[in-house]
Amino acid sequence: MSSAEMEKVNVDAKLSINKFYVDEENAHIVLKEDVDMNEYRQLMVACPAGIYKLNKNGEVFFDYAGCLECGTCRILCGQTILAKWEFPRGTFGVEYRYG
Amino acid sequence: MADEAFDAIIVGGGIAGTVAAYLLAKEGLEVLLIERGNYPGSKNMTGGRLYSHSLEKIMPGFAEEAPIERKITRERVYMMTEDSAAGLDFYSGRLGVRGQDSYSVLRAPFDQWLGEKAESAGANIVSGICVENLIFNDGQVGGVVAGEDEITSKVVILADGINSLLAQKIGMREEFKPHQMAVGVKELWELPASVIEDRFGCSENEGAACMFAGSPSDSRIGGGFLYTNKESISLGVVATLSDLGEKTVPQLMEDFHNHPAIAPLLKGAQLIEYSGHLVPEGGFDMMPKIVGNGVLVVGDGAGLCINLGYAIRGMDFAVASAECAAKAVIDAQQTDDFSAAGLQNYLKYMEKSFVLPDMKLYRQFPHFLEGTPRIFGAYPNMAVDMLTDMFVMDGQPARPLMKKMMPHVKKIGIWNLIKDGWKGMKSI
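Residue numbers (our numbering), protein chains in the order written: chain A, 1 to 99; chain B, 1 to 428.
Simulated from the structure, these hints should not be mistaken for lab results.
Pairs of lysine to any residue residues, derived as SDA-like cross-links and limited to a Cα-Cα distance of at most 25 Å, are as follows:
| # | chain 1 | residue 1 | chain 2 | residue 2 |
| --- | --- | --- | --- | --- |
| 1 | A | LYS8 | B | THR81 |
| 2 | A | LYS19 | B | ILE272 |
| 3 | B | LYS177 | A | ILE29 |
| 4 | B | LYS26 | B | ASP337 |
For clarity, every value in this text was computed on a predicted model and none was experimentally measured.
Excised from the complex, chain A in its bound form:
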């Protein structure tokens, strides 16, 4: 299959199958104000949940709601563009029914 033929992945559709208890009051991951786009692009590639996105204007668009809590972003950018990376509060976040 050439890359042109490859189907573009729809991660949100996959995440919608998962069970999440989103903590609306407390974001467990927070980005810094001025995000270095070179750093951010690493997360656009690496995040398995694809939650590091750009909006139509090419600006940072990030929502922690679909986070799988893997820690990939913390390893790559914990020292650079993340202001906070914590576990969601108890009971919140992704809940694997199978795992």
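Add chain B to chain A, keeping to what the hints say.
Relative to the frame of chain A, chain B by itself:
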């Protein structure tokens, strides 16, 4: 300090945490296990396969009772390019002999079961609480802090996984580096048991484990995996964080399940879960400090994992590290010394078990993979090109096999082949 609320507090309800809780409770210690999810296993995922040997030692015959998926009696290893797959298929009853058998597992049911075993041995399990800090008394850990609550204990076992923020907070480890870590992503596809058995040529309750090198990780360090469960297939990709290219990890996953050699295996299947996890792949050299004053680190948080390409081990190490930690805590109980010196036996038991010897034996292997990118690109291509030349009959006058094969070998270079083979053999 004579009035701690518990002998031991264990943070994290994964395999290491629940096994440690089980062993300590069985010896009569007052144990509290704290899990941040709603039940042990709710935050956990594996590829995955559990090599049974270490748990078998602790709970003989566990597989008959535990919610395991399938006994793995078929091993497959593939080199994969974008349109082809060249593989080795090994079936043997010997893979299923008790004590050397392995099982596909799903962690939510499996870890819950281990939690129940710990509870029936007398351990207390509290779920839905995230431990944020540790209590220190004169430089020694003496309990945990969660929200407003402080709970004291003689010792704390950190079984809080690969992202152990607590181990980092108390200076037992540095942040792991991208070249030591891989991201794993997995799709779980539901299929009837009989369909799985037909497609993989397996008997009832038996199954296959398949590893893939090459295109699944976009010819970079990493690979693909497939495990058959009872009524589902675990399909996933692992990619080392320092070696990601342009293609996104979710796209790697998508392209892998759409691969012409994979898609037919999933025909008619329904996606029932999508998960992600970090894999510590740096081996012995990434191991943090695992003994501190009043504290031990076990499982993923201790970096205990070995990925040899054809076999990925982590859960058997988690079990064994939990056993070593539990034994060390029981020893410390005798002398009532839970300082780092009093808990040193953890290291001794780890040395005496397979854990540290195996981690040391394969110490060079992660460096070999990093230094040999051909494994993920050039070699899968070579294998597929050679097999294509062997099997394709196109009516052109035939040439001797040797003449057909040599150009493919020369593309990589005989010297490189010998060098990589030698380096690989030495590191494994």
